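Undergrad: Chain W is fixed; fit chain F onto it per the hints.
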Amino acid sequence: MHKKTIAELDRGLRQGDYSSVELTQHYLERIERHNPRLNAYITIDADRTLAAAERADSLRRLGQAGPLTGIPIAHKDIFCTKGLKTSCGSRMLDAFIAPYNATVVERLDAAGVVMLGKTNMDEFAMGSSNETSWYGPVRNPWDETRVPGGSSGGSAAAVAARLCAAATGTDTGGSIRQPAALCGLTGLKPTYGRVSRWGMIAFASSLDQAGPMTHTAEDAALLLQAMAGFDPKDSTSAQEPVPDYLTGIGQDLKGLRIGLPQEYFGAGLDAGVAASIEAALAEYRRLGAEFRDISLPNSPLSVPTYYVVAPAECSSNLARFDGVRYGHRCHEPRDLTDLYTRSRAEGFGAEVKRRIMIGTYVLSAGYYDAYYLKAQKLRHLISDDFRRAFAEVDLILGPTSPTTAFPLGAKADDPVAMYLNDIYTIATNLAGLPGLSLPAAPAAGLPVGLQLIGDYFQEARLLNVAHKLQEATDWHLASPPHFD
Amino acid sequence: MSLTRTDVDKIAFLARIQLSDAENDRYVHDLNGILALAEQMNAVDTADISPMAHPLHMTQRLRPDQVTEPDQRELFQGIAPAVEAGLYLVPKVIE
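Going down the list, the sequences are from chains W and F. According to this note's numbering, the residues represented by the first sequence are 1 to 484, in order. According to this note's numbering, the residues represented by the second sequence are 485 to 579, in order.
Everything labelled a hint here was simulated from the structure, so no lab data went into it. Since this is a predicted model, take the numbers as computed values, not measurements. A couple of the hints might just be wrong.
Facing chain W, a subset of chain F residues (Cβ under 10 Å, in silico) [what the hints assert, rightly or not]:
1) Phe-497
2) Ala-499
3) Glu-507
4) Asp-514
5) Ala-520
6) Asn-526
7) Thr-530
8) Ile-533
9) Ser-534
10) Pro-535
11) Ala-537
12) Val-551
13) Gln-556
14) Leu-559
15) Gly-570
16) Lys-576
Take a look, some chain F residues computed to stay more than 10 Å from chain W by CB distance [said to hold, decoys possible]:
17) Thr-488
18) Arg-489
19) Thr-490
20) Glu-523
21) Asp-549
22) Asp-555
23) Glu-568
24) Ala-569
Facing chain F, according to a computed beta carbon distance under 10 Å, are these residues of chain W, among others [claimed, not checked]:
25) Thr-191
26) Pro-311
27) Ala-370
All C-beta atoms, glycine included, are put in the ideal place defined by N, C-alpha and C.
Only chain W is shown next, with the shape it has when bound in the complex (with noise of 0.2 Å):
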């Protein structure tokens, strides 16, 4: 059951060849049986899975089940669930129940998903490789000595070994999509405001979007369809109207034209990525498609845009955390200031320490213009050169990631050399495109990632683009050797 995708499973469960309860224990021993391993799921409430599948099923039997009904997935532990611990990675957060639930989880509640667990990830979504979570790496499913890629590195793992069918996931700097990359999924990261921001937890407010990470195209577009909409509770959500994400998904696209950014393919590209992204092109020109080679002039300097932006906005939104609302209160604090430092000295690991004093540091009396107010006009730079290539392509395409899944604790004492893992995926999110990671074919046993970036709102053409790569080729099949 755990070798299928979600449209195939609703498939089965449609036609009585297993309950959702069933399919659901399935899941939960196979996380009994793997988790160990991987560290990908951080809380599991087993009874609580188990009432949720037991309504899905009588949803069934009373004929008001939609497609997604019944189909166990897993959500990022940034997303607040009522009643069940939502640590965000953090110690901080270690014994935050939630009051409430996050849009993203009613929603999909809404549409009967049964929800296995929470899994882990990087500390307040803060990282590129899933090791700074409070509770320890999550390991690649593909090899167990390498990192899953991150922030959403739980979610990846936990799709990639079948522990659950889909995860929920966030991209900030690039958080779905280069675990997706980096564990052989396919990753989505809509345009901002697309999907609802609200109890998700903050890091950075103008960056910060949800999306779904999958096995399948289709799959992607099942439950984003389940998740994107307008939400008067979130100040910046769109009001776009949703388009149907299945119809057109199998579009042809005979005379596509994507644009190639000549400073996605330059040093710093792994040769064995390289080879697997020409592959991927190769496929496309067999389905049609035509390739203008175009210059984004300013993305290079999308990575200490991102790194001056995204600390800033984290350490206005982790000012909340502060020892008296919720979250970790030091012990025995002598007077208001030390119940605030000690607090947050205990409660924040040494990544999430780093990008507050970043962030304070350029929002401080005298360096706000050089960093702050120069890292915002850079981004409009960043953001125009995408507005002149889609005045010439359809969409772009290049790597998701510079290489494949790298050794655990190879880059994790050195901040700027993890911070360059993101260079092909920030620039999106400083100018709030969607974007998509789908697998090309693997390096040297190792996932590669394809990433799609498309205009605005135009989640669809990239899941109707992917989906023909998926018709065409079998990379997304691939499953890890030790996870059968």
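TA: This is chain F only, laid out in the frame that chain W set:
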């Protein structure tokens, strides 16, 4: 310009994070590395460029000034480290 130990102490206090001496040493090194990365931004002249705060250049939506949320004080205070009589407790501020 690079940050000194005193600068890092000042930033840590502004951020309300207590640092040990060993941590201070580490953050002097790390923060200077990150700021060196940030300084690559100076390669581009942005004198005539306007700053971008929102990816879609949207403005904030307004809503009618009506009460939409019920009182959930007990629920929300149920997860607080220390409360009494509906109030959050902190160490004494005024002697």
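Undergrad: If a hint holds in the structure, say so; if it does not, say that too.
TA: Tested hints:
no. : hint    : verdict
1   : Phe-497 : holds (8 Å)
2   : Ala-499 : holds (4 Å)
3   : Glu-507 : holds (8 Å)
4   : Asp-514 : holds (5 Å)
5   : Ala-520 : holds (8 Å)
6   : Asn-526 : holds (8 Å)
7   : Thr-530 : holds (4 Å)
8   : Ile-533 : holds (4 Å)
9   : Ser-534 : holds (6 Å)
10  : Pro-535 : holds (3 Å)
11  : Ala-537 : holds (6 Å)
12  : Val-551 : violated (14 Å)
13  : Gln-556 : holds (7 Å)
14  : Leu-559 : holds (5 Å)
15  : Gly-570 : violated (13 Å)
16  : Lys-576 : holds (8 Å)
17  : Thr-488 : holds (13 Å)
18  : Arg-489 : holds (13 Å)
19  : Thr-490 : holds (13 Å)
20  : Glu-523 : violated (7 Å)
21  : Asp-549 : holds (14 Å)
22  : Asp-555 : holds (13 Å)
23  : Glu-568 : holds (13 Å)
24  : Ala-569 : holds (16 Å)
25  : Thr-191 : holds (8 Å)
26  : Pro-311 : holds (8 Å)
27  : Ala-370 : holds (9 Å)
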